[in-house]
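With the hints as your guide, set chain B onto chain A.
2 protein chains.
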Amino acid sequence: MQRWKLTLEYDGGPFIGWQRQDEGPSIQQCLEEAVTAFSGEDVRIHGAGRTDSGVHALMQVAHMDLEKATKADTVRDALNYHLKPNPIAVLSAEPVVEDFHARFSASGRAYLYRILNRRPPPALECGRVWSVTRPLDADAMHRAAQILVGHHDFSSFRASQCQADSPVKTLDRLDVFRAGEEIHLIVEARSFLHHQVRNFAGTLELVGSGKWTNAHLRDALHAKDRSAGGPTAPPQGLYLTKVVYPDVG
Amino acid sequence: MQRWKLTLEYDGGPFIGWQRQDEGPSIQQCLEEAVTAFSGEDVRIHGAGRTDSGVHALMQVAHMDLEKATKADTVRDALNYHLKPNPIAVLSAEPVVEDFHARFSASGRAYLYRILNRRPPPALECGRVWSVTRPLDADAMHRAAQILVGHHDFSSFRASQCQADSPVKTLDRLDVFRAGEEIHLIVEARSFLHHQVRNFAGTLELVGSGKWTNAHLRDALHAKDRSAGGPTAPPQGLYLTKVVYPDVG
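Chains as they are written, first to last, in my numbering: chain A, 1 to 249; chain B, 1 to 249.
Hints were generated in silico from the structure; no laboratory data involved.
Be aware that one or more of the hints could be misleading.
If chains are identical, the list can't say which one is meant, so a pair holds when it fits in one copy or spans any two.
Once the Cα atoms are required to be at most 20 angstroms apart in a straight line, the calculated SDA-like pairs of lysine to any residue come out as [what the hints assert, rightly or not]:
| hint | residue 1 | residue 2 |
| --- | --- | --- |
| 1 | K84 | G13 |
| 2 | K84 | S131 |
| 3 | K242 | A189 |
| 4 | K84 | P234 |
| 5 | K71 | R119 |
| 6 | K84 | L124 |
Everything numeric in this text was worked out from a predicted model, so none of it was measured.
If we strip away everything but chain A, and leave its shape as in the complex, we get (with noise of 0.2 angstroms):
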């Protein structure tokens, strides 16, 4: 038995999101169906985190235990071969100690959020940003960002649905800036809650276009009520992008 560490990138449109569901094809499903089909073994994918509907990866990680002995390079072809034509691919695959867990052993995650900040709707990047037509302050929205930078209670922006033991987490990075048409949000921290980055957008655009102060942002914040909080932002435009780990072994 070897355990697998598997870095991943994927278009999130087609999808019910990261977690298998009778509702409809999920990544998990996708990646354990390909890992079937390579090796026969009926393997469960454990992701480092959970993305929603929509919800796209750059660089996702996942692990997983084969019986079957192979070279990393082969399972990383042959699980490409068998994912095609779904928009899923295995970027690296390595091996890794038996007690590596992709989720529990993450130290630290990054997200973008990319919003298309024009008149004009999105055409090449459908599906791939949150059209936002006002026109937006993106360095208004980075001084607000630096509100909710630190260790806070983030009840204001937890979904209803969460399942975190505890609304405190520390957020450690939130970079807010424009680039060319797009503004994007750079975020960073040990670990997320449910919404957290989606909610952080929907806020900061309302201090984008001015319709809520610094003074509006940290009133929400200090509610520690979810109704304090700006809207969800659509999950077209959010992207996991690093899965840090403190030691690869």
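Just chain B, lined up with the frame of chain A:
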């Protein structure tokens, strides 16, 4: 009657190409139908160039004549409304002088060709890049590409169905460079032969992978025979990025 210049962005994936054809939906047809839905007029739209099926545009230009008197922002917004859910966006609509012609007034065109050069297949960029798994030397491709720059008979890189009067063109720029996991070709000229950029990409891939030397490429150019050139790279890596006019009029 007012002549309008339209600047467009589109995902070429779902279309048979720019030009109206019986075999399937075209970008021209979608635009003409949107104009009719907005104005009630039966309008012909003229593009700066015909992109093939699967070829994208970050900036295509077209013109049309409208009887209806209306504001520029209204034309843009109304067309975008009626274009939904097609992945075509009107970036701007501008009134222009009546002798402006999207194709004949253009003094330059630029294309981007994107190669994803890694072993795993594309996931997020599926349909947006040419996937080449063997390692390519972008510097070698760039050096070889300079052989093609200048005034030449490009018969070796011209599709048999090309309708241009002459195979002689002046290539102003052909830069090749690595951008992360991708290799980008930036190509500029006053005008191009049919499949010229895709034939450049397919041929330079032979240089990048070490199959061809600069001498091979020089021989191919001088042969003035399509069978001497390299293969045609697939359409999904190609983007029309700019159409230049000497006077925006």
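For the identical chains here, do K71 and R119 meet the 20 angstroms Cα criterion within one copy, between copies, both, or neither?
between (50 angstroms within a copy, 15 angstroms between copies)
Given identical chains, is K84 near P234, meaning Cα to Cα at most 20 angstroms, within a copy, between copies, both, or neither?
This pair counts as between: shortest inter-copy Cα distance 19 angstroms, intra-copy 27 angstroms.
When no copy is named, should K84 and S131 be tagged within, between, both, or neither for a Cα gap of at most 20 angstroms?
between (30 angstroms within a copy, 14 angstroms between copies)
Evaluate K84 and L124 at a C-alpha cut-off of 20 angstroms and name the case that applies: within, between, both or neither.
Cα proximity of K84 and L124: across copies only (13 angstroms, versus 22 angstroms in one copy).
How would you classify K242 and A189 at a CA-CA limit of 20 angstroms: within, between, both, or neither?
Result: close within a single copy only, 11 angstroms intra versus 40 angstroms inter.
Status of G13 relative to K84 across identical chains (alpha carbons, at most 20 angstroms)
The answer is both: 15 angstroms in one copy and 18 angstroms across copies each meet 20 angstroms.
Consistency note: the structure conflicts with none of the earlier hints.
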